[in-house]
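Colleague: Listed here are the chains, written in short residue letters.
Number of protein chains: 2
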Amino acid sequence: MPELRQDRFTKEWVIIAPERGKREGAKREGAQKPIPHYDPKCPFCPGNEAMTPEGTLEIPRQDGRAGWQVRVVPNKFAAVSRTGQPVRHVDGSRHTVEGVGIHDVIIESPDHSQTIATLPITDVGMVLESYKARFDAVSADPRVAQVIIFKNHGFGSGTTLEHPHSQLIATPVISSHVRGRIYEALRYYDDFGVCIGCASLEEELAEQTRIVLITDHFVVIEPFASPVPYNTHIYPRRHMCSFGQISPPELSDLAGVLKTVLERLYAGLDNPDFNYTIVTAPADHSDAQYYHWYLSIIPRLTQVAGFELGSGMSINTVSPESAAEFLRNVRARKSQGA
Amino acid sequence: MPELRQDRFTKEWVIIAPERGKREGAKREGAQKPIPHYDPKCPFCPGNEAMTPEGTLEIPRQDGRAGWQVRVVPNKFAAVSRTGQPVRHVDGSRHTVEGVGIHDVIIESPDHSQTIATLPITDVGMVLESYKARFDAVSADPRVAQVIIFKNHGFGSGTTLEHPHSQLIATPVISSHVRGRIYEALRYYDDFGVCIGCASLEEELAEQTRIVLITDHFVVIEPFASPVPYNTHIYPRRHMCSFGQISPPELSDLAGVLKTVLERLYAGLDNPDFNYTIVTAPADHSDAQYYHWYLSIIPRLTQVAGFELGSGMSINTVSPESAAEFLRNVRARKSQGA
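Residue numbers (the numbering used here), protein chains in the order written: chain A, 19 to 356; chain B, 19 to 356.
There could be a bad hint or two in this list.
Identical copies look the same in the list; a pair holds intra-copy or inter-copy alike.
DSSO-like, lysine-lysine: derived pairs with alpha carbons at most 27 Å apart [stated by the list, open to error]:
{"#": "1", "residue 1": "Lys59", "residue 2": "Lys94"}
{"#": "2", "residue 1": "Lys150", "residue 2": "Lys94"}
{"#": "3", "residue 1": "Lys40", "residue 2": "Lys59"}
In short, the hints are calculated from the structure, not lab data.
This is chain A alone, in the form it adopts within the complex:
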């Protein structure tokens, strides 16, 4: 019997239906091609800096060699314009805002072939430091209401470029989706007097069945109402509504956690396409008691179809409990083999 589960943050239902996993789906064709360390046509490879706009942040290499380790540049095909004011127009029910904001690309490594799963932890740490520096700078822009940091890995994730990179898009509005999350979190806080994320974490730690990993500062969970197979949340254990509140030791811990989880997905699911995104409070809610930020990794193993588009619900053929067990065992296999 399938089971419907309600996501506590969005109140959306998910159908957990492992039996449906037995139908034949589209298979990935052939082995993945090896990726070169350097691609002369790639706009993100060292030496091709002129192919991108001038950088807004560069972290130099730490190995004594010249050049950058992480480079942040404005997106050449930006979804929003860095100049202008977010002027609003209301004409009957047609509401528009001029498309002002920030759209950055965070180039994660000079090496074209790397990804978070394969980079050394110190290099992952530099990527996260660049997220934090840009998040803080962009959040302080009075035109910015909401900052989304995300990564698209593999062509099935929506990326158009192979070189490892993340992106940051800051918009002059809070999206309806985020407002819905705020509403539910506030409502929970009003009912119970505690942060919905802190409460969820306590329940998950007590139940244990969906825990993948625990470190000093983070807990990795397969969410109770996981909408897709192997959706993985990385929660800070301390109450923090905004990614901007992360401390240096937490950032350093997060680098190890993120690398470990992506390594396990890489090893366990054969380098799947995935997205990740930092789910955080809006720019001006930087100290809210009711909201809890987390990083969500969304493997793209299945496709959204008409049911999901029409209903907003999802059908997940892998239970989060079995996904958590699988991801715990990837570690076990790796340790045993080492």
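We have chain A; now place chain B onto it with these hints.
Modeller: For chain B alone, kept in the frame of chain A given last:
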């Protein structure tokens, strides 16, 4: 300058950014293979009826030959179970409902190679009649709260089978997504005393720039805050909250409208992968004054990436005004060429 536009039904923002369309995206590789009229391994082809569960509805061929034209069967790999009761369990913040409901497959033609765009209008009419008959029957089931009818066309749409088919999934809950639409529609009705869909239609007919087609009973529109290129809505002109209220003349008109629109997408965009879904009021809101059903066609020309997953917003590189002009001209080219 990109423009943010607010969807009036969901209040979600969309970034309309035509400039961003100039970046290179993944191209569809090679020409599409011709599809045979009959595939001996296909569970939906005539003669293979034993490969599917027993049918719940069959419409016989109208051309004098034996056999069925449309066949509705339970989905063999159903997302929900047809038996049992939607028992609810609440354990702290873990809310579940047993996965009871109906999951039908509507086999649209005995011919493996056809699609709505290529079927005769009378055959499309029979597909819609089967939607209506099943919608009515399933809505009357007291376990059912919400009925989603949808179609996945092409492997990029999430389908796993080539034979032309639609699906119906009835769930024992109203999804948060649909509840959000109801809330916004009710709020609009409370503010202005008219149905948000009727008001939208009036504004669109006055402005004209996003209209693709008008018939006796339907208006075809590229929505103001279209989340993806060529998203197309087919609205009934008469106030109706539920697809179950459609009359026989309207159903017959809809067959022509749906075929025409899909023909234009087929011709204009080279047989794109697409989904469509009927956006309708929940099963027990069958006569609401504030809600308006429509059919939404979602071409799958672009991929959802981390920004969309994190924010709920979309970036659309084709303005609905230019999409509407394009789809009006596909007709013109066709007529001139005929």
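Colleague: For every hint, state whether the structure bears it out.
Modeller: Outcome of the hint check:
| no. | hint | result |
| --- | --- | --- |
| 1 | Lys59 x Lys94 | within (16 Å within a copy, 48 Å between copies) |
| 2 | Lys150 x Lys94 | within (22 Å within a copy, 48 Å between copies) |
| 3 | Lys40 x Lys59 | between (42 Å within a copy, 17 Å between copies) |
The structure fails none of the hints (numbered hints given earlier).
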